[in-house]
Amino acid sequence: MVKKQKIESGALAQSVNRAWVFDRVAKGIVFIGGISAIVFIISIFIFIFDQGMGFIAEDLKPGEFFGSEIWRPTSESNPTYGILALIAGTASITGLAMLVSVPFSLGAAVFISEFATGRVKEGLKVLIELLAAIPSVVWGFIGLSIMNPLIVQLFDVPIGLNMLNAGIILGLMAAPIMTTIAEDALKAVPDGYREAAEAMGATRWQVIRRVVLPSARNGLGAAILLGVGRAFGETMAVLMASGHAINLPTSPFDSVRALTATIAAELGETARGSTHYEALFTIGIFLLLITLCINLLADLVIRGGWKRRKL
Amino acid sequence: MKFSQTPLDQKNRRNEKLFRMLFMMMAVLLVLPVLAVLSVLIYKGGPALSWDFFITNPTQGMTAGGIWPALVGTMWLVAVALSVSVPLGVSAAIYLSEYAKDNWLTRVINLAIINLAGVPSIVHALFGLGAFVLFFGLGKSILAASLTLAVMTLPEIIVTSREAMQAVPRPFREASWSLGATRWQTIRHIVLPNSGSGILTGIILGVSRTVGETAPIMFTGAAFFLPYMPETVWDQTMAMSLHLFVVATQVPDAPEALPFGVALSLIAMVLTLNTLSIIFRTRLRRKKKW
Amino acid sequence: MVSTAKLEFRDLSIRYGSETALEGVNLSIKPNEIFGIIGPANSGKTSFLRSINRMDEMTTGMKVGGSVLLDGTDVRAWRNVFALRSRIGVVFPLPVGLPMTIRQNVTMAPRMKGIKNKAVLEELVERCLRRAALWDEVKDRLDSLGSMLSGGQQQRLTIARALSQEPDILLLDEFSIAVDPVTTMRIEDVLKELKEEMTIVLVTNLVQQARRLADRTAFFLNGKCIEIGETEDLFTSDSRDPLTRDYVEGRFG
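Protein chains in written order, with this note's numbering: chain Y, 1 to 311; chain P, 1001 to 1290; chain R, 2001 to 2253.
Treat the hints as calculated values from the structure; they're not laboratory data. Bear in mind that the values here come from a model prediction, so they are computed numbers and not experimental data.
The calculated lysine-lysine pairs, modelled on DSS-like cross-linking and capped at a C-alpha distance of 25 Å, are:
no.: 1; chain 1: P; residue 1: LYS1101; chain 2: R; residue 2: LYS2063
no.: 2; chain 1: Y; residue 1: LYS187; chain 2: P; residue 2: LYS1017
no.: 3; chain 1: R; residue 1: LYS2030; chain 2: R; residue 2: LYS2192
no.: 4; chain 1: P; residue 1: LYS1101; chain 2: Y; residue 2: LYS27
no.: 5; chain 1: Y; residue 1: LYS121; chain 2: P; residue 2: LYS1017
no.: 6; chain 1: Y; residue 1: LYS187; chain 2: Y; residue 2: LYS125
no.: 7; chain 1: R; residue 1: LYS2192; chain 2: R; residue 2: LYS2139
no.: 8; chain 1: R; residue 1: LYS2224; chain 2: R; residue 2: LYS2006
no.: 9; chain 1: Y; residue 1: LYS125; chain 2: P; residue 2: LYS1017
no.: 10; chain 1: Y; residue 1: LYS27; chain 2: R; residue 2: LYS2063
no.: 11; chain 1: R; residue 1: LYS2063; chain 2: R; residue 2: LYS2224
no.: 12; chain 1: Y; residue 1: LYS121; chain 2: Y; residue 2: LYS187
Listed below are several chain R residues computed to face chain P (Cβ distance under 7 Å; list not exhaustive):
no.: 13; residue: THR2060
no.: 14; residue: PHE2082
no.: 15; residue: ARG2085
no.: 16; residue: SER2086
no.: 17; residue: PRO2099
no.: 18; residue: MET2108
Think of the CB as a built atom: it goes at the ideal place given N, C-alpha and C, for glycine as much as any other residue.
Taking the hints into account, I'd like the entire structure generated from these sequences.
This is the structure in structure tokens:
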């Protein structure tokens, strides 16, 4: 019991104290990391609004900005800042991408979660992860150098850099996130539901359609929303594959130009503080607000929304 | 007694097979492009690759030569970005997993992470330009570009690290606390040693993402072409991703194999990193300690 | 009066959110006694233990009212809660071998306190493992993982680990739940010896275990302390509460 006396007095008791102080310091330090995400998202708002404010305050004509399809910021005599065609470009590519991607992504998620087992399941998941890893600029390059001649050949059109090209590529880019989130949602459906339905003699497909899909619908909705968000904000691939022509598209073979691509292509050539420069930041504000809405909505849906909060 | 099949049973069984096939087709069609893209890139870009390709400068207006400066530049960007995003991301994860209570601040942090992850890359580029290049006066530099990339990959590192830490069972923490260990000692001796590989997996994925990003560095520090190599973080640099964009779109008379070679090198880097993280993860799952 | 109690509880109440787990508990535990707590599941026994080493602060939603005095001082008066906890050993219902080597398991608490001397630590490992009746089984593999031992071994490791703190108080929460009968008996023998050096609070779901070990026993039911008394009285006296009699005689719970 001599040892015990030693622990309670002097140096060792002090060492516990030091640990206590150290714990406080560590908490303070990791707290800084903890709030960094808040700091950054607020800073993004502040800095982008700061740079775009000049345009919004002085030059913005809402009717022209949202209503005109003429984007001619460099015109000497009559610069025009209408983003209607750019919105149409982004919307049409994103829409086409979803058209291509949603059925395949959800279908793949159903297969992985409900049918596939063992190696097939693991292999598919790995491949989808690799699909997600391919960088935007490589997709753009694929659109430019592989899809472009392919589309020209297949459909006998003069140029293959168009809405179809960008749409397919964006679809492939948005697919992994949709598949992953949708699979998570399906996986979250309790096995008891499936077993109960199967015990009543339902086939696998009946179980999926009547039990699994309905109970996972919030997660599936969120998956699609996040896919839209991903496609909507994509830059390099769209810049390289869409043809980058200002155009209100009437067919999938028209070249179009996206909001994101416009910033990427023009920002380097504008002088800081010029109307054109500020107009590009204003597009950035617009993009930021829309993606924020999409993300918040997805978050709300994924957590069960406002209706099913109390169960 | 044998169970006899009714016509309904037969129909159900046929349906079952049909739907299974249908969903499998969808899954296969989704992953086929990865393999197709890889094959085409290897087929067309393979001939361009050689040892010299990796270690020489681009020459003759970027229509010949190699990718050495872009390769080095990408490594600079990744290294500097990681030195910011890893400490920040891991400490955020520690805070969220080990210290944070379930209160409004935690909810706001989580919301901020979700939204930060959803911000389009070009908006990050605008932010990097407005904040780091102009406001903080870093100019177009490796530092500004890396900081932009760090902000961008931060959510991913936070989320994967937090998941890895939360996978450590709570009873271990309670046992450690009741021994008189402080929260920090518990993190240091129990949580981190048992989530380290998971955190590493997340960091590798962050690196892979950093390597491939183009838009955020275009206006913050990456240059189309530089006749010299970067020496400090204040210099501009070339980068693999932007180099691919440049040789593919701005150098019309480049031989076809050149951009394919660049694309193949880039995608090889990215996929190697991802494969590495996958191997890590499966090994991790196999040698559980409890 | 106050000075003779090792632990004293005054009007202790514990809530989780809006649910009450324990209410109006007043009792005191003497130095060097084994104090048993019996009662069916959800009667507030575990929450009672958690209030002693202030584990409520680590648990979302758990609120403790009233006071817990250790040697006459409110445990909440300790600024350094970790120093408080280092005086209190805890053994959990399910064995928790930490995912580190057996040696590291036992030396963790002293290392946290800053003891680095190898010889001291080695001596401590042997002494604690011997006292927990585990030494002979693991002395040749002190560097293998503690979390890979069998349930019964892990539980004895947990006790060895608690002893390495050299605690004043040892809290045991249904320690025999995942342990075979033979190991249970060995641990019970260990506890009888340990009583000489520390105060032991033994929460158990086995009434006979309380009878074998405890000097005094309290019966908890639905968040209330129904009765406290000399253990033998609780099992045999005619003046006890009818609820207690029903429980110890196995009519419910």
